[in-house]
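The primary structure of each chain is shown beneath.
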Amino acid sequence: GESVGLHLPTLSVQEGDNSIINCAYSNSASDYFIWYKQESGKGPQFIIDIRSNMDKRQGQRVTVLLNKTVKHLSLQIAATQPGDSAVYFCAEMGGTYKYIFGTGTRLKVLA
Amino acid sequence: NAGVTQTPKFQVLKTGQSMTLQCAQDMNHEYMSWYRQDPGMGLRLIHYSVGAGITDQGEVPNGYNVSRSTTEDFPLRLLSAAPSQTSVYFCASSSYTDTQYFGPGTRLTVL
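Residue numbers (the working numbering), protein chains in the order written: chain A, 726 to 836; chain B, -12 to 98.
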């Protein structure tokens, strides 16, 4: 059964709406940021990444925004679908291959 | 391509028992790491390796040993299991220029 993700902040969105998941990172020296999706019973899956020399990067239905001034990262999912329901983690890395993960946000897509 | 594989998928141990969690990757990645994931928390780095013969401690290394004799394999050893080590364990690998790819996880319960 589900043991990961208890007591996580939850974002509930209507199917078809856009989702925005936010993350505050800790190290101002971090220069690489990643968003992962984790479905129940599975390992984290890469969604999109961004380096510190950029402030926006787009993928298929997803956009990552980076605000280095306030150490904030966001993930935007366009036209959210039921298959997007999962826990989303941000991670930062600063030159030593030590990734630091956020605690995660659970996304629930309402039909 | 198998990617990152982990065995076993599930394991129950008694306090004081020892065991090895296996991790293998077939992508010729230099970097490998072990994380643990507890309910309501993000992934915490246990140990990592930047190449064969090189390992280093992460955020929560106590109670765990690792070795990296080959590029492909990165086993995690629990020398004397404790209930506090009940968790889901993930192995990940990456090249120096790419993001991490995660295995499916090992769910460990220590009684």
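I should point out that these hints are in silico values taken from the structure, not numbers from a laboratory.
Some clues are possibly wrong.
Stated by the list, open to error - Calculated cross-link-like contacts (lysine-lysine; reagent style DSBU-like; alpha-carbon spacing at most 30 Å):
1. Lys796/A with Lys767/A
2. Lys781/A with Lys1/B
3. Lys(-4)/B with Lys767/A
4. Lys833/A with Lys(-4)/B
5. Lys781/A with Lys(-4)/B
Because the structure is a prediction, the values reported are computed rather than measured.
Hint check:
no., hint, result
1, Lys796/A with Lys767/A, "29 Å, holds"
2, Lys781/A with Lys1/B, "49 Å, violated"
3, Lys(-4)/B with Lys767/A, "11 Å, holds"
4, Lys833/A with Lys(-4)/B, "27 Å, holds"
5, Lys781/A with Lys(-4)/B, "37 Å, violated"
The structure does not agree with the numbered hints 2 and 5 stated previously, though it agrees with the rest.
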